[in-house]
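Q: Add chain B to chain A, keeping to what the hints say.
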Amino acid sequence: MNKYDIILTLIILIIGITIFCLFKIGNNNPKEAIVYYDGDIVLKIDLSDHELRTYTIEGFNGDVVIETIDGKIRVVEEESPKHLCSIQGYISTSYESIICLPNKVVVEINDSIDVDTIVR
Amino acid sequence: MKDKYSKIVISIIGILILIIISLLIYKNNEVQEYSKTFFYMDTYISVKVYVPNEKKANDAFEEIDRIYRDYHNLTNKYEETDYGLYELNKEGNTTIDYRLYEMIKYGYSWYEKSDGLLNIAIGNVTDIWKKYREDETGVPTLSELNKVNIDINNVLINEINSKDKVSDGVILSDGVTIDLGAISKGYTTQIVGDYLKSIGIKKYIINAGGNVLVGDYYKGNSKYKIGIQNPYSDTNPNAPSIFKVIRGNNIAVVTSGGYNRNYVYEGNIYGHIIDPNTRYPADNMASVTVISKSSKDADALSTILYLMDVDTGMEFVKDYDVEVIWYLKDGTIKTTDGISKYE
Numbered sequence: 011m012n013k014y015d016i017i018l019t020l021i022i023l024i025i026g027i028t029i030f031c032l033f034k035i036g037n038n039n040p041k042e043a044i045v046y047y048d049g050d051i052v053l054k055i056d057l058s059d060h061e062l063r064t065y066t067i068e069g070f071n072g073d074v075v076i077e078t079i080d081g082k083i084r085v086v087e088e089e090s091p092k093h094l095c096s097i098q099g100y101i102s103t104s105y106e107s108i109i110c111l112p113n114k115v116v117v118e119i120n121d122s123i124d125v126d127t128i129v130r
Numbered sequence: 028m029k030d031k032y033s034k035i036v037i038s039i040i041g042i043l044i045l046i047i048i049s050l051l052i053y054k055n056n057e058v059q060e061y062s063k064t065f066f067y068m069d070t071y072i073s074v075k076v077y078v079p080n081e082k083k084a085n086d087a088f089e090e091i092d093r094i095y096r097d098y099h100n101l102t103n104k105y106e107e108t109d110y111g112l113y114e115l116n117k118e119g120n121t122t123i124d125y126r127l128y129e130m131i132k133y134g135y136s137w138y139e140k141s142d143g144l145l146n147i148a149i150g151n152v153t154d155i156w157k158k159y160r161e162d163e164t165g166v167p168t169l170s171e172l173n174k175v176n177i178d179i180n181n182v183l184i185n186e187i188n189s190k191d192k193v194s195d196g197v198i199l200s201d202g203v204t205i206d207l208g209a210i211s212k213g214y215t216t217q218i219v220g221d222y223l224k225s226i227g228i229k230k231y232i233i234n235a236g237g238n239v240l241v242g243d244y245y246k247g248n249s250k251y252k253i254g255i256q257n258p259y260s261d262t263n264p265n266a267p268s269i270f271k272v273i274r275g276n277n278i279a280v281v282t283s284g285g286y287n288r289n290y291v292y293e294g295n296i297y298g299h300i301i302d303p304n305t306r307y308p309a310d311n312m313a314s315v316t317v318i319s320k321s322s323k324d325a326d327a328l329s330t331i332l333y334l335m336d337v338d339t340g341m342e343f344v345k346d347y348d349v350e351v352i353w354y355l356k357d358g359t360i361k362t363t364d365g366i367s368k369y370e
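First to last, the sequence lines map onto chains A and B.
For the first sequence, the working numbering assigns the number 11 to the initial residue and increments by one for each residue that follows.
For the second sequence, the working numbering assigns the number 28 to the initial residue and increments by one for each residue that follows.
Excised from the complex, chain A in its bound form (with noise of 0.2 Å):
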């Protein structure tokens, strides 16, 4: 192997590096769910850990209560005349969404094995 062949196999690798970091930078979706409220996210956590933790947000009604715990979310306390979204309890997959109509809250789940939307 002379220098030049050094030289052509360094570029290449830096170049094979280079493509591998392109594809890399961007691919690393860690679960989060979004809250909205009126359209508009209020409110991402990552549901990465298994903490409990509670989250208030001010919804169309009055506060809804969001709790997450090993990586599910659920809403808790809400006013609305029949509570669907509190009674419908935890949901852990980008399968599944919480609608709070009355309270025009949303909270889904992004998370990158999953599909990208699900008809209903």
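Just so you know, these hints were derived from the structure itself, not from any lab.
Keep in mind it's a predicted model, so treat the numbers as computed, not measured.
Mixed in with the good hints there might be a few duds.
[What the hints assert, rightly or not] Computed beta-carbon distance windows for the label pairs: (1) A:R63 / B:G358: 33 to 41 Å; (2) B:K31 / A:D59: 51 to 59 Å; (3) B:D357 / A:V86: 34 to 42 Å.
[Said to hold, decoys possible] Capping the alpha-carbon separation at 16 Å, the derived lysine to aspartate or glutamate pairs in EDC-like fashion look like this: (4) B:K252 / A:D56; (5) B:K230 / B:E60; (6) A:K92 / B:E163; (7) B:K174 / B:D154; (8) B:K271 / A:E106; (9) B:K252 / A:D126; (10) A:K92 / B:D162; (11) B:K31 / A:D15; (12) B:K271 / A:D126; (13) B:K230 / A:D126; (14) B:K246 / A:D126; (15) B:K192 / B:D97; (16) B:K132 / B:E186; (17) A:K41 / A:D56; (18) A:K114 / B:D92; (19) A:K41 / A:D121; (20) B:K75 / A:D50; (21) A:K114 / B:E161; (22) A:K92 / B:E161; (23) B:K250 / A:D126; (24) A:K54 / B:D109; (25) B:K192 / B:D109; (26) B:K34 / A:E106.
For each residue, glycine too, the CB sits at the ideal point set by N, CA and C.
A: Positioned in the frame of chain A, the structure of chain B alone reads:
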């Protein structure tokens, strides 16, 4: 020797510069996901666009909000809007917005094609069912349902070309009223998709309560993965929540089913899709999903197919460039042959 070295150094620097330039170009072309939800047409609508900057996204969201709001108001049977459906149903003949006129014309065009199954003149019957669904205290009797008029012959459409207000475009007689629930979401979603394309946003995903419309995939040469909900996932907690994944770009996927917007009375489930022949909710299957290039056609066809038995439906869709998945009440799944191109 020195000369060789400098050549090597120069070429390495040159390559590094090339790599940096391509990195910068890549970064500039990279799109970000922006999402927003809306509440219109009795449903929650989620829109995601993939664009280079926030301003482009927000401008698009503002217009999308306006489109859904306008169509929501125009097609609303229960609240008064200028030149809207409420007015038309009440008066029978009044000036309406051209956008409402065109949607009515589109809905009307399905009556003959579907052998009367998609009947936009069904308003009086859906009103009765809505009342019972909200009260959850009973079921309308056949004589109550038969008393009202749903005859499409009492809807007269006149050909009018206008991009403003339309007079005498639709004339209703003998108390008939129009309901656009079977098509309004898919139709409006189509308008939104067309709008996004017109401003150069090709990468998007819209989900409007059972109506999904996707554009180009946001990254690389891949395809969107669209899950179809298992109609029985709510009643059986062990069932997987989706039963099939559709892979594709620039397609609409629309599901009709009896499992949402229904009510239970004395152990029977009453869905929201009414068969104009029996005037009762259809109960042929658990759900049906249509994949089409057009969101509005997919919405209309999913309603029609929900009202047909599977064999009739299988024959019927041969005339259309769509693929269909039926989820039967016993859990069997039937599909058209071409479904494999989306698997």
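Q: Each hint needs a verdict: does it hold in this structure or not?
A: Hints, verified against the model:
Remark: the range hint 33 to 41 Å for A:R63 to B:G358 is upheld by a beta-carbon distance near 39 Å. Here the CB-CB span from B:K31 to A:D59 is close to 56 Å, well matched to the stated 51 to 59 Å. Look at B:D357 against A:V86: about 37 Å separates their beta carbons, and that is inside 34 to 42 Å. Using a Cα cut-off of 16 Å, the hinted pair B:K252 and A:D56 is violated, with the two alpha carbons roughly 23 Å apart.
Distance restraint check for B:K230 and B:E60: the Cα-Cα separation of roughly 10 Å lies within the 16 Å cut-off, and the hinted pair is therefore satisfied. For the given pair, A:K92 sits about 13 Å from B:E163 by alpha-carbon distance, which is consistent with the 16 Å threshold. Of the supplied pair hints, the one linking B:K174 and B:D154 holds, its CA atoms being roughly 13 Å apart against a limit of 16 Å. A distance of roughly 15 Å separates the Cα atoms of B:K271 and A:E106; the hinted pair therefore holds under the 16 Å criterion.
The suggested pairing of B:K252 with A:D126 holds, with an alpha-carbon distance near 5 Å, which does not exceed 16 Å. A C-alpha spacing of about 13 Å is found between A:K92 and B:D162, which places the hinted pair at or below 16 Å, so the restraint holds. The hinted pair formed by B:K31 and A:D15 meets the criterion: a straight-line CA distance of about 14 Å does not exceed 16 Å. Restraint check for B:K271 and A:D126: the C-alpha separation of about 13 Å stays at or below 16 Å, so the hint holds.
Proximity of B:K230 to A:D126 is assessed by CA-CA distance (about 13 Å); at most 16 Å being required, the pair is judged to hold. Between the alpha carbons of B:K246 and A:D126 the distance comes to roughly 12 Å, so the proposed pair stays at or under 16 Å and holds. A hinted pair counts as satisfied when its Cα atoms are at most 16 Å apart, and B:K192 with B:D97 qualifies at roughly 14 Å. About 9 Å separates the Cα atoms of B:K132 and B:E186, which keeps this hinted pair within 16 Å; it holds.
At roughly 6 Å between alpha-carbon atoms, A:K41 and A:D56 fall within 16 Å of each other, so this suggested pair holds. With a CA separation close to 15 Å, the supplied pair A:K114 and B:D92 stays within the 16 Å bound. About 5 Å separates the Cα atoms of A:K41 and A:D121, which keeps this hinted pair within 16 Å; it holds. Under the criterion of a C-alpha separation no larger than 16 Å, the hint pairing B:K75 with A:D50 is consistent with the structure, at around 12 Å.
With a C-alpha separation of about 20 Å, the suggested pair A:K114 and B:E161 falls outside the 16 Å cut-off, and the hint is violated. With a CA separation close to 12 Å, the supplied pair A:K92 and B:E161 stays within the 16 Å bound. With a C-alpha separation of about 10 Å, the suggested pairing of B:K250 with A:D126 holds against the 16 Å cut-off. Between A:K54 and B:D109 the alpha-carbon distance is near 39 Å, which puts this suggested pair outside the 16 Å criterion.
For a cut-off of 16 Å, the pair hint linking B:K192 to B:D109 stands: about 10 Å separates their Cα positions. Distance restraint check for B:K34 and A:E106: the Cα-Cα separation of roughly 60 Å exceeds the 16 Å cut-off, and the hinted pair is therefore not satisfied.
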